[in-house]
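> The numbering of the sequence shown is the UniProt record's numbering, which starts it at 1 and goes up by one.
What the hints contain is simulated information worked out from the structure, not anything from laboratory work.
Glycine is no exception: its CB is placed at the ideal position from the N, C-alpha and C atoms.
Please note that a few of the clues may not be correct.
Stated by the list, open to error - Distance windows between CB atoms, simulated:
1. 181 x 133: 19 to 29 Å
2. 181 x 67: 40 to 50 Å
3. 105 x 59: 21 to 31 Å
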Amino acid sequence: MTEASTIDAALPVPADEFRRPVWVRPLAVLLIVPSLIGVVYLCGPDPGASFTRLQQNLAELQAEVQARPALSLAIFVLVYVLVVGLSLPITPLLSLLAGALFGRWVGTGASTLAATIGATAAMLLSRYVFREWVQTCFGTRLAGLNRRLERDGAYYLLALRLLPIVPFWLINLAAGLTSIRPRTFALVSWVGMSPMTFLYVSAGTELATLESPRDVFSPQVFATFVALGLSLFALRFLAGSVFSGSKRS
Numbered sequence: 001m002t003e004a005s006t007i008d009a010a011l012p013v014p015a016d017e018f019r020r021p022v023w024v025r026p027l028a029v030l031l032i033v034p035s036l037i038g039v040v041y042l043c044g045p046d047p048g049a050s051f052t053r054l055q056q057n058l059a060e061l062q063a064e065v066q067a068r069p070a071l072s073l074a075i076f077v078l079v080y081v082l083v084v085g086l087s088l089p090i091t092p093l094l095s096l097l098a099g100a101l102f103g104r105w106v107g108t109g110a111s112t113l114a115a116t117i118g119a120t121a122a123m124l125l126s127r128y129v130f131r132e133w134v135q136t137c138f139g140t141r142l143a144g145l146n147r148r149l150e151r152d153g154a155y156y157l158l159a160l161r162l163l164p165i166v167p168f169w170l171i172n173l174a175a176g177l178t179s180i181r182p183r184t185f186a187l188v189s190w191v192g193m194s195p196m197t198f199l200y201v202s203a204g205t206e207l208a209t210l211e212s213p214r215d216v217f218s219p220q221v222f223a224t225f226v227a228l229g230l231s232l233f234a235l236r237f238l239a240g241s242v243f244s245g246s247k248r249s
């Protein structure tokens, strides 16, 4: 049995290893609370209501983007980072909006960049600021996820990002309790989130024709992503079996 597989799921990394300065928590609260209020005010807490609002105001938003393209893109990226960092469940709507406002390629680039920054920020907040709270509230729920992340690292994280089953915010919290490097987390998250983000952004180019965010996925597309994620698990198992066999021989 490897050392990584024996790590306690509740405390996968010693707390002293991630000791934070005393000013980190107050500063985080000062930044997060106003940001949360602002994002909820702009986007609304109800995804369904937000989607209807986007459809109704799409023409006005497109005119604003055409008048101030650089400023509009910067504001969009900032809002997207805050939404992902605060784990608000409206990122699909923002990806749809990116396609409607900026087009397929610029929208995908902006969305994946913002999603990666926001996810990394959420992981770092889970590790350095809210570690005790995350362990108290989600320790049992994250136990199995933590063990696999500690054992398989980037490979397992990539499979989780590709599978549209595990909530992104939960993955971010779990990764914060492990020893995965922020740079590795960011790179793997960017690769894993890009296909689904591209799908939403592409659908966003026809935002006015969609009745709900769920219309982005057809059964064929969903099955493709599931098969891709499961193939990573299968390859990991096969590689481990071959490696074990070679050691015995």
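> Now look at each hint and say whether the structure bears it out.
Here is what the structure says about each hint:
Taking 19 to 29 Å as the suggested C-beta distance range, the pair residue 181 and residue 133 conforms, at roughly 23 Å. Range check, residue 181 to residue 67: about 42 Å between beta-carbon atoms, so the 40 to 50 Å window is met. Between residue 105 and residue 59 the beta carbon distance is about 22 Å. The supplied range of 21 to 31 Å therefore holds.
Every hint, counting from the list given before, is met by this structure.
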